[in-house]
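A.B. asks: Each chain is listed here by its residues.
There are 2 protein chains.
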Amino acid sequence: MSNTTTLQLEVEKAKTSKINEVDFDNLAFGSVFTDHMFICDYVNGEWKTPKIIPYQSLVIDPSARVFHYGQAVFEGMKAYKDDNDQIWLFRPKDNFDRINKSSKRMAMPEFPEEYFFEGLKTLLNLDKDWIKKGLGNSLYIRPFVIASEPGVMASPAEEYKFIIICAPAQAYYGGEVRVKIADHYSRAASGGVGAAKTAGNYAAQFYPTKLAKEEGFQQVVWTDANTHEYLEEAGTMNVFFRIGDKLLTAPTNDRILDGITRKSVIEIAKDKGIDVEIRPVKVNEIVEAAKKGNLKEIFGSGTAAVITPVVGFGYKDKKWDLPKLTDAYSSVIKEAILNIQYNKSEDKYGWRYKA
Amino acid sequence: MSNTTTLQLEVEKAKTSKINEVDFDNLAFGSVFTDHMFICDYVNGEWKTPKIIPYQSLVIDPSARVFHYGQAVFEGMKAYKDDNDQIWLFRPKDNFDRINKSSKRMAMPEFPEEYFFEGLKTLLNLDKDWIKKGLGNSLYIRPFVIASEPGVMASPAEEYKFIIICAPAQAYYGGEVRVKIADHYSRAASGGVGAAKTAGNYAAQFYPTKLAKEEGFQQVVWTDANTHEYLEEAGTMNVFFRIGDKLLTAPTNDRILDGITRKSVIEIAKDKGIDVEIRPVKVNEIVEAAKKGNLKEIFGSGTAAVITPVVGFGYKDKKWDLPKLTDAYSSVIKEAILNIQYNKSEDKYGWRYKA
Ligand SMILES: Cc1ncc(COP(=O)(O)O)c(C=O)c1O
Ligand SMILES: Cc1ncc(COP(=O)(O)O)c(C=O)c1O
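Sequences listed follow chains A and B, in order. Residue numbers for the first sequence follow our numbering, so the first one is 11 and each next one is one higher. Residue numbers for the second sequence follow our numbering, so the first one is 11 and each next one is one higher.
Treat each hint with caution, since some may be false.
[Stated by the list, open to error] Straight-line Cα separation of at most 20 Å, EDC-like style, residue types lysine to aspartate or glutamate; simulated pairs:
1) 358/A x 281/A
2) 114/A x 224/B
3) 302/B x 255/B
4) 142/B x 93/B
5) 220/B x 169/A
6) 23/B x 168/A
7) 28/A x 93/B
8) 23/A x 71/B
9) 61/A x 71/B
10) 220/B x 264/A
11) 28/B x 71/A
12) 131/B x 255/B
13) 61/B x 71/A
14) 223/B x 225/A
15) 114/B x 225/A
16) 220/A x 93/B
17) 220/B x 168/A
18) 220/B x 120/A
[As the list claims (entries may be wrong)] If you want the footprint, here are the derived chain B segments under chain A, 3+ residues with CB under 8 Å:
19) 32-43
20) 66-72
21) 149-163
22) 190-201
[As the list claims (entries may be wrong)] Stretch-level coverage of chain A by chain B, calculated; a stretch enters the list once three of its residues show a Cβ under 8 Å from a Cβ in chain B:
23) 25-37
24) 79-88
25) 154-160
26) 190-199
27) 207-214
28) 287-300
29) 321-330
Bear in mind the hints are in silico, worked out from the structure with no lab data behind them. Glycine residues also receive a C-beta, built at the ideal position from the N, C-alpha and C atoms.
Next comes chain A alone, as it looks inside the complex (with noise of 0.2 Å):
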């Protein structure tokens, strides 16, 4: 069942395909999972030879590292198909440029281009029928680092696996969402690791979101661990703020994952002669405009939601809602994504990837 490309990867095939036991009109997020994986393993200094294998379990020492000092890191993109069958990735250099940014702030390996690139598109190629047509639809790809090496020792380890897991996908958020804006809880130190995708910064949101929803939000947007006075970006977001005609989002910097949606929306708004601000946004900035009926969008921005419309916002004891527009920024920005997503416009940008 083994055969090799020229690049030595290895694919060994599923025998029998889950996909007929799979409801794909009823997909909850993230927990139904292709027929094959990724792996390779970092061993005595260098990454062995990648492999494709039946999706499957990992046995892994309880000493692992990955368990006691939460070596991990990983990334999320998306797989499209358009009308012709043709599968489509949107800016994945980005996503793999990421990934070995995140694993250098953990002390982590970086991950070879062409081992990554060949073991994707071989992947997706295997598991084409898993990503179905139709807008809204896609295949979530999930590549994640995590240290394998026995030994309790608070120290790099020398052993690791890159993996990548893929799983069918609908829309990510249901229902409206509410953001909390933060005032005592953080996400993320100054010359500390929030700008990396690393597993711990996810855990570390889950009690105060858990608080904030117990007060009726979903999301939390966390400002600086300093002074709070600042917005800074959601928990799997980077959040936009719409004043009048003028689109604010924060800067990125040591504390703030440098999103690839982020990226594009700026650039898509820029160019539908939209006046986007890149600076510091005030948490007084936006209660002061929601007050005089100036703010007229706040919305998220990430690979799993694309762009996500937020309705209200609390701060301290307070809570706002939104306008409900219908020329808003966050639809035609929206739109204009899934265009180039989903191969239904021209991309002049050059982001779209065949897989």
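Got chain A sorted already, so can you dock chain B with the ligands onto it with the hints?
C.D. replies: Then chain B with the ligands, alone, in the frame of chain A:
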């Protein structure tokens, strides 16, 4: 091979022991594990029957939350054997309370006290031959909890594993320890998870620590992320500074681990008539004292190494050496703690606990 105690603790004994393969005089810290492990699953809102089983690999889905979102907490404890073959723990209730505090902050379920103590005692008695007599020898105990539920959705898992593994240990640090005082990178944010013993806090330190190692330091002493003016703690230990005859250490807060050794050092030092001040300690204060020759000691406190004397420190581009004292506070206090831990002295504090 299974039998059951009143607490429904299931015990499956290993068929053979690995103990004869182990060179107890040449143990690398945390790399060899005993014959058994404790494991308990959290499913459907409750902790199931706890088990002791032969030490073995975990079989875990690649989408398990711990790999992606870092829900993982742990503890570090030690068991000591006295001259009469009795096994002792040191303030274990504090470790138990702390792992639950860490779990709470990471939105993970707390673990029942009886399960923890029954499981731990049974495990230690089963693997008691792995605990060697003699000062410095001990069994390092690693309780930890990981989110095992499959699914790449960024929200708290509903399935967890509470595990205890044990590694025979000699001393933790070899050689002299020089520390670098952080002036750019940081360990924890105010409002973040620094006070939790959660996996991600450790990986976050590896890269800056690597940079410090390249400059000739073994560890980093973290400062507040906001101003870098105040000394906080080191990677796996709290830090004490002796200026003249005064012993200084930072107060705990939501960025600092509330160390059990730290608390013990403070209490013992006070009892020995040492003037202890628990208050924010400025980097400048230490540098000025070093310049004047008043900085007599720096030492770290933590379960693994008990007390680690620091022989020198670096700050920005300067380096200072510390004097070699014959009657160092660090030695006096270390001896007092070891005597309690190894049942060589009275324990008026009630810290010793028979396993
Ligand atoms: C913390 C955080 N911010 C922002 C984003 C959005 O980034 P991207 O647009 O690259 O998906 C993500 C994840 O996808 C994230 O995890
Ligand atoms: C970050 C950190 N600080 C301090 C300590 C010392 O705590 P304790 O004395 O309870 O072992 C540890 C670990 O043990 C630690 O991981």
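A.B. asks: Decide, hint by hint, whether the structure agrees.
C.D. replies: Against the structure, the hints come out as follows:
1. Distance hint between residue 358/A and residue 281/A is fulfilled; the C-alpha atoms sit about 11 Å from each other, no more than 20 Å.
2. Distance hint between residue 114/A and residue 224/B is fulfilled; the C-alpha atoms sit about 16 Å from each other, no more than 20 Å.
3. A hinted pair counts as satisfied when its Cα atoms are at most 20 Å apart, and residue 302/B with residue 255/B qualifies at roughly 14 Å.
4. Proximity of residue 142/B to residue 93/B is assessed by CA-CA distance (about 10 Å); at most 20 Å being required, the pair is judged to hold.
5. This hinted pair checks out: residue 220/B and residue 169/A have alpha carbons roughly 17 Å apart, not beyond 20 Å.
6. With a CA separation close to 32 Å, the supplied pair residue 23/B and residue 168/A exceeds the 20 Å bound.
7. With a CA separation close to 60 Å, the supplied pair residue 28/A and residue 93/B exceeds the 20 Å bound.
8. At most 20 Å may separate the alpha-carbon atoms for a hinted pair to count; residue 23/A and residue 71/B meet this at roughly 19 Å.
9. A C-alpha spacing of about 17 Å is found between residue 61/A and residue 71/B, which places the hinted pair at or below 20 Å, so the restraint holds.
10. For the proposed pair residue 220/B and residue 264/A, the alpha carbon gap of about 18 Å is at most 20 Å, so the pair holds.
11. Between residue 28/B and residue 71/A the alpha-carbon distance is near 16 Å, which keeps this suggested pair within the 20 Å criterion.
12. The straight-line distance between the Cα atoms of residue 131/B and residue 255/B is roughly 41 Å, outside the 20 Å bound, and the hint therefore fails.
13. At roughly 17 Å between alpha-carbon atoms, residue 61/B and residue 71/A fall within 20 Å of each other, so this suggested pair holds.
14. Distance restraint check for residue 223/B and residue 225/A: the Cα-Cα separation of roughly 46 Å exceeds the 20 Å cut-off, and the hinted pair is therefore not satisfied.
15. Annotation: proposed proximity of residue 114/B to residue 225/A holds, straight-line Cα distance about 18 Å (limit 20 Å).
16. As the CA atoms of residue 220/A and residue 93/B are separated by approximately 50 Å, the hinted pair breaks the 20 Å bound.
17. The straight-line distance between the Cα atoms of residue 220/B and residue 168/A is roughly 14 Å, inside the 20 Å bound, and the hint therefore holds.
18. A hinted pair counts as satisfied when its Cα atoms are at most 20 Å apart, and residue 220/B with residue 120/A qualifies at roughly 16 Å.
19. A stretch counts as covered by a chain when three or more of its residues have a beta carbon under 8 Å from one of that chain; for the stretch 32-43 of chain B and chain A the count is 5, and the coverage holds.
20. Check on the stretch 66-72 of chain B: 7 of its residues sit with their Cβ under 8 Å from a Cβ of chain A, so the three-residue criterion for coverage holds.
21. Coverage of a stretch by a chain is defined here by at least three residues with a beta carbon nearer than 8 Å to that chain's beta carbons; for the stretch 149-163 of chain B and chain A the count is 9, and the condition holds.
22. For the stretch 190-201 of chain B, the stated coverage by chain A is satisfied: 9 residues place a CB nearer than 8 Å to a CB of that chain, which reaches the threshold of 3.
23. As drawn, the stretch 25-37 of chain A meets chain B at 0 residues by the rule of a beta-carbon pair under 8 Å; below three, the given contact is violated.
24. Interface restraint, the stretch 79-88 of chain A with chain B: holds (5 residues with C-beta to C-beta distance below 8 Å; minimum three).
25. Coverage of the stretch 154-160 of chain A by chain B holds in this model, with 4 residues showing a Cβ closer than 8 Å to a Cβ of that chain against a need of three.
26. For the stretch 190-199 of chain A, the stated coverage by chain B holds: 7 residues have a C-beta nearer than 8 Å to a C-beta of that chain, and at least 3 were required.
27. For the stretch 207-214 of chain A, the proposed coverage by chain B is satisfied: 7 residues have a C-beta within less than 8 Å of a C-beta in that chain, meeting the threshold of three.
28. Counting residues of the stretch 287-300 of chain A whose CB lies closer than 8 Å to any CB of chain B gives 0, so the stated coverage by that chain is violated, three being the minimum.
29. Only residues whose beta carbon comes within less than 8 Å of a beta carbon in chain B count, and the stretch 321-330 of chain A has 0; fewer than three means the coverage is violated.
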